[in-house]
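Those protein sequence lines, which keep their order, are chains A and B.
Each residue of the first sequence is one higher than the last, beginning at 1 in this note's numbering.
Each residue of the second sequence is one higher than the last, beginning at 1001 in this note's numbering.
Treat the hints with care, as some may be off.
[Stated by the list, open to error] As a list, the in silico DSBU-like pairs of lysine-lysine whose alpha-carbon atoms are at most 35 Å apart:
(1) B:K1513 <-> A:K259
(2) B:K1672 <-> A:K278
(3) A:K664 <-> B:K1472
(4) A:K212 <-> A:K278
(5) B:K1651 <-> A:K536
(6) B:K1672 <-> A:K650
(7) A:K169 <-> B:K1485
(8) B:K1278 <-> A:K651
(9) A:K672 <-> A:K62
(10) B:K1167 <-> A:K651
(11) A:K169 <-> B:K1645
(12) B:K1333 <-> A:K651
(13) B:K1167 <-> A:K645
(14) B:K1651 <-> A:K672
(15) A:K485 <-> A:K198
(16) A:K51 <-> A:K70
[Said to hold, decoys possible] Non-contacting residues of chain B with respect to chain A, defined by C-beta distances greater than 10 Å in every case (computed):
(17) R1031
(18) I1362
(19) C1433
[Said to hold, decoys possible] Anything over 10 Å on all C-beta distances counts as not near chain A; from chain B, calculated:
(20) A1137
(21) N1630
(22) D1701
Since the hints were made in silico from the structure, they are not lab data.
A virtual CB, placed ideally from N, CA and C, is assigned to each residue, including glycine.
2 protein chains.
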Amino acid sequence: MGNLISGPVATSMEPPIIEELDSSASRPYERPHPQETFHQTVIDTDSFYGKIRTVYSERVLKTQLDQLRKQGSYEAFKLGWHPKYDVQKLQGGKCTIYSPPTLFWDSDVGKWIEAACYFLSSPDGKRSPHTAEFISAIDELIAMMAKAQQSDGYLGTYFTVVDKAGKLKNLRDMHEMYNCGHLLEAALAHHRWSGDRKFLNLMLKYIDLLMKTFGPGKNQLHGYPGHPELELAVLRLYSETRDPRHYAFGHYLVAARGKRETSLGGKPFFVWEAEQRKDTFFHASMASIDDGRYHQWHAPLHEQDTILGHSVRALYLVTAASDLDGKLLDDAKRLWSDCVDNKMYPTGGIGSIPDIEGFSEIPHFLPNGHDEGGCYAETCASIACMMVCERLLSHELSGNARDVMERCLLNNVLGGASLDGKQFYYVNRLATCGDENADRSDWFEVCCCPPNLTRTMGLLGGYMWSAKTKGKTISLNVYLYMSGKRIVELPSGEKAAAEMQSEMPWQGRTTLKLQAPEGYDWSVRIPEPEYAEDFKLSPSDLSPQNHVGGYRSLALPAQSTVSITFDMPVRLLAPHPATHQDTLAIARGPIVYTAESYDNTRLEEAHRHFEGLGLLETTTFVEVPMQIGNIPMIGLISQQNVYEKTISGKKEIGSMTVVGGGKKRWGELEEKLRLVPFFARSNRDKGGRLRTMFPRVAVSDVE
Amino acid sequence: MGNLISGPVATSMEPPIIEELDSSASRPYERPHPQETFHQTVIDTDSFYGKIRTVYSERVLKTQLDQLRKQGSYEAFKLGWHPKYDVQKLQGGKCTIYSPPTLFWDSDVGKWIEAACYFLSSPDGKRSPHTAEFISAIDELIAMMAKAQQSDGYLGTYFTVVDKAGKLKNLRDMHEMYNCGHLLEAALAHHRWSGDRKFLNLMLKYIDLLMKTFGPGKNQLHGYPGHPELELAVLRLYSETRDPRHYAFGHYLVAARGKRETSLGGKPFFVWEAEQRKDTFFHASMASIDDGRYHQWHAPLHEQDTILGHSVRALYLVTAASDLDGKLLDDAKRLWSDCVDNKMYPTGGIGSIPDIEGFSEIPHFLPNGHDEGGCYAETCASIACMMVCERLLSHELSGNARDVMERCLLNNVLGGASLDGKQFYYVNRLATCGDENADRSDWFEVCCCPPNLTRTMGLLGGYMWSAKTKGKTISLNVYLYMSGKRIVELPSGEKAAAEMQSEMPWQGRTTLKLQAPEGYDWSVRIPEPEYAEDFKLSPSDLSPQNHVGGYRSLALPAQSTVSITFDMPVRLLAPHPATHQDTLAIARGPIVYTAESYDNTRLEEAHRHFEGLGLLETTTFVEVPMQIGNIPMIGLISQQNVYEKTISGKKEIGSMTVVGGGKKRWGELEEKLRLVPFFARSNRDKGGRLRTMFPRVAVSDVE
């Protein structure tokens, strides 16, 4: 404690409350983030993941740039008037219904720039036919921002153009800190890619303004973001600058959240802030102006025992907490565990309550679609969960966190874009119903998900593994089985390399080639996923006391080759009983499967949305190699027939049936069920319908 | 058409649009309402229903009067300031959050007066120890109202005391017409009981004001009630006055609802009305200011194909429609059928979405409790359903409508008050969860349910049967098997009598004694409920071509005795497959059963809220005579054991389990399940927990 100050300290600012900061806690820069490491890994473009990335670098980035131009956000930093601002002008600039979509435009631009910089950093990204256009757009946008920045450092379109007086007066609703955080992450990405400090310097100036204005000091506003994002971005900045003020600010933003401030009459900040505005409006997802659950300020993080509210806000907050000191890291683990154990779909989808785009209050409320009472599973929430997993893994290897990260990536996240790179999902329901279909959309008024997807795919090399050198031992922790090569820069200036070839996510065959200069050795941790059967490792791993749950440990010489094989038989998964669902999900390895009408035309025509169809729990499946777009994958066909629910028995009011008399409940159809990977749904037709989990047919229930 | 005008026509009012009125449709007064007929039936006080009514006449009415005094509503018509008005004063009288509870005070007073008048009309009610106090209160309240009435006829506390300028300017939210309707029903009841016209004349003056102000005419406001109630009340008034303006007004109020008015620029009335107020606020249950589903103005009734929104509003509207002409009657039938077939619990509970106190958009969304995604089942909604059933039966006998009415009455409605008459339910969940218990409440801020219950119980004789004489034939349609005697006034001035003794709802043994003067005969319709087995009628009924579905028809001489017997074996009911619930409800006759912790202490201690417990669908039950309070009833004990869900198998992320390998899902416990009638729940202890529907255990799923 106390020896952290280095570099300039602004004399006009209250000193950070350093006594709260635990110097024994690992600092973020000691656990390099994918944003800092991704460029060291080249992903094999012919591999599964490589092919997916190509869709992003060659198609998605361009689609998104076009949409930004079309939507108006691209031009927003020119500070002209856009007709979409009119609705707020009529409302006197007040947020009276909902956060208007134009509020987020700054972040949309930021996330696009960030993603573009990631792809421009990679060999495969550099080959994009749109490279010149992207570079030109980045330069143009940064130039706009430089001109748009106010003299005090403030950078934000809405409060520069529409509501000048309202600047930084409604942190709860107006997303200024959210936008700042994304612009900051973009600036860091830009700096790393280009070496240029132009954008970064802009953001440093804005951050200085925010650090001066907000904090625990007597003359500061005790505010924090309504939508968490700035906290984690500032910690990414800290990893770059090593400026303790940046760490302290990130810590403050997380630790202050939800406090009932004595200096504010015992009120939480947002309630006090609304009073200053004489504003009685509260967000539609809040029960009252004091209701902090939606934005996770109902209590300080230490006192939150269950994850609540808007899922992306919650998980961005947890991401930041997982990069801070011991107690906040514990809070992060507790809330993340509640999320993944009690409030997550098998597809890695998170958030079952559409009205609040977030969590049910109670555990195990996981309706698969609108007719079951909800299902949201926002793409951004699964990405956020990956971010938490990665930070937790950076502290401590865990098979559980790894499996969750992979499950999110290969199902809910990967499915977020069509395989032609042109359309996207915001909501990822497990089943359609009524008049719904499973189509993706060209774009969204609130378009946070597509650019979030793109930057995640841009960072993919950083999610693959982490490497750290201590003395002469290179530690390599593998997160994802992928095909790629990583250069490890050694302190001596020499380089080592790890190269993995893997047939995952379709087959367990993997080879890992390690090369280091003489005198070095490797300490490698290899995942043994929960779904892997007959797991074989060559050379054999260390004795079990060196194992981490879900991981095998190997101590290897400078030049080594490791072979891994494992099987992934199809398995049927039952949800927790408290979901009140007696259903089955079908998985093979990390891939969860879904049935779409495209492959099951006759069956689904007779049973719209596959409603009323069930599977025996003894159902087995045949694997079918297939391809959608240019992505090869494995499909499944059931070897047994599907069953349909029969309602036999005397009917009563309320559409109920008298049971008994030995009448059977399920009748066998002459139909098999054809399944595709959930991420690959809705790529081959429009207007399709789907179902992911099917009622379980008990053996005694069939004719 | 056109010959309906009789009595005075206000020259300052636009003529009613009589051309829209179908003169061939039966008028409400041709189908006398329970409010008009109840007093002709004396219910046997020693019978089940009689004992229940005694709780109301001797306890509930008094409890409610005390609560009205305590709450402030009793004094409200003195027009003094009440502290509870302060919150609205601060808001400038505007409805900014929700309809403040004080808005409904007028209706609470009205419903209490109405109920008191019903009980004071009956022999059993007259015996109440509080009779003098009730009569005194009625007189006092009427005197207050006489003084409180404005010179133009307006009668309403809120807009006389709190917001004078806002009178009749926000029909959508401010419940003025709702209050008026209930006061009108009270005035009719008062007149019938006392012969006095004082109260009725007050209300006639108010109705005149409303008929002048609102209507289809060029100089009229095209408004209708935000909360339906006035429509059906005005039709009750019409039955009394036979004044065609009253019928036309009721018809207008229903038919105008949801129209996009050309004279209002194509807007629906409430949108136009809000613009006049320069008011952008809309109710929390609406998606936008144009969203009419909550209040059923999203389209004219003819175009509404599914029942939506707030369930009491919807069903009061349907009640009124069922008393109007052919097309509106068809609309009523369509929406009522959607309600009872697709959106009703086996307990007769209606409304699964707590946030809107109403219907799911989709059919068969019937979560049993909070952890399943909802369940509201407001007491008032089941009462409203009974009201619709009765009106439908008044048009045409139907076993279905009768069964529904009885199911609502004997389960969700009857359970609305504790058997000691002191506490009430607003919400009637089928299962508790989390920190909930099944306790009733002393009162509610919005206390519509208790007085609604009381007036329904006061009217019970009118729900029992209906009688009509044509020539020398007395038609008697039995609705409910009860013990009571009805006098039928014949056109000649003579009297006939029907006396029923029934052991229902516990046993099917019923005797019906009919006595008419010489020369008369009876045409009797006896229910054959859907749950009745081995139904025997003596004398035998007419040949089947005279049958109505669910009814047996008898032609009988002036002096006759009919004997009915039927069995009611316990039956297990499965919900519709589209509910996604594989559960069982337990019923015996019209009574649905529930398990409470009081009778199942050991079992429920180990499985809180009976969570995770299931029943074989072959479970049989032993009947156990019991008594709660002074009400004898039949309880049930399962003859087979209860099962608990076992989670065996490899666990995976997201709390899922890999299935297969022949592991069984249910383990047998050494415990039977004890059940009580749903209406009788929560009478013997505080803090209890309950469950009504249990997962079905398939035979192949047990060890």
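Here's how the hints hold up against the structure:
Pair hint B:K1513 plus A:K259 does not hold up; C-alpha atoms about 74 Å apart against a cutoff of 35 Å. Distance restraint check for B:K1672 and A:K278: the Cα-Cα separation of roughly 60 Å exceeds the 35 Å cut-off, and the hinted pair is therefore not satisfied. Between A:K664 and B:K1472 the CA atoms are separated by roughly 53 Å; this puts the pair beyond 35 Å, and the hint is violated. The suggested pairing of A:K212 with A:K278 holds, with an alpha-carbon distance near 24 Å, which does not exceed 35 Å.
For the proposed pair B:K1651 and A:K536, the alpha carbon gap of about 21 Å is at most 35 Å, so the pair holds. Proposed proximity of B:K1672 and A:K650 is supported: the alpha carbons are some 27 Å apart, at most 35 Å. A hinted pair counts as satisfied when its Cα atoms are at most 35 Å apart, and A:K169 with B:K1485 does not qualify at roughly 72 Å. For a cut-off of 35 Å, the pair hint linking B:K1278 to A:K651 is broken: about 52 Å separates their Cα positions.
A threshold of 35 Å between alpha carbons decides the hint, and for A:K672 with A:K62 the separation of about 40 Å lies outside it, so the pair is violated. Taken as a hint, the B:K1167 and A:K651 pair is broken in the structure, with Cα atoms around 50 Å apart against an allowance of 35 Å. Distance check on the hinted pair: A:K169 and B:K1645 sit about 53 Å apart at the alpha-carbon level, beyond 35 Å; violated. Between B:K1333 and A:K651 the alpha-carbon distance is near 20 Å, which keeps this suggested pair within the 35 Å criterion.
Distance restraint check for B:K1167 and A:K645: the Cα-Cα separation of roughly 56 Å exceeds the 35 Å cut-off, and the hinted pair is therefore not satisfied. A hinted pair counts as satisfied when its Cα atoms are at most 35 Å apart, and B:K1651 with A:K672 qualifies at roughly 28 Å. Restraint check: the Cα-Cα separation between A:K485 and A:K198 comes to about 31 Å, which is no more than 35 Å; the hinted pair holds. The straight-line distance between the Cα atoms of A:K51 and A:K70 is roughly 28 Å, inside the 35 Å bound, and the hint therefore holds.
Every CB of chain A lies more than 10 Å from the CB of B:R1031, the least distance being 23 Å, so the non-interface label holds. Residue-level check failed: B:I1362 sits 5 Å from the nearest beta carbon of chain A, not beyond 10 Å. Distance to chain A contradicts B:C1433 as a non-interface residue, since its nearest Cβ pair spans about 7 Å, not more than 10 Å. Listed as a non-interface residue, B:A1137 keeps its Cβ farther than 10 Å from every Cβ of chain A; the least gap is roughly 36 Å.
Distance check on B:N1630: its Cβ is at least 30 Å (rounded) from any Cβ of chain A, clearing the 10 Å threshold; non-interface status holds. Not every Cβ of chain A is farther than 10 Å from the Cβ of B:D1701; the closest lies at roughly 5 Å, contradicting the non-interface assignment.
Hints 1, 2, 3, 7, 8, 9, 10, 11, 13, 18, 19 and 22, counting from the list given before, are not met by this structure.
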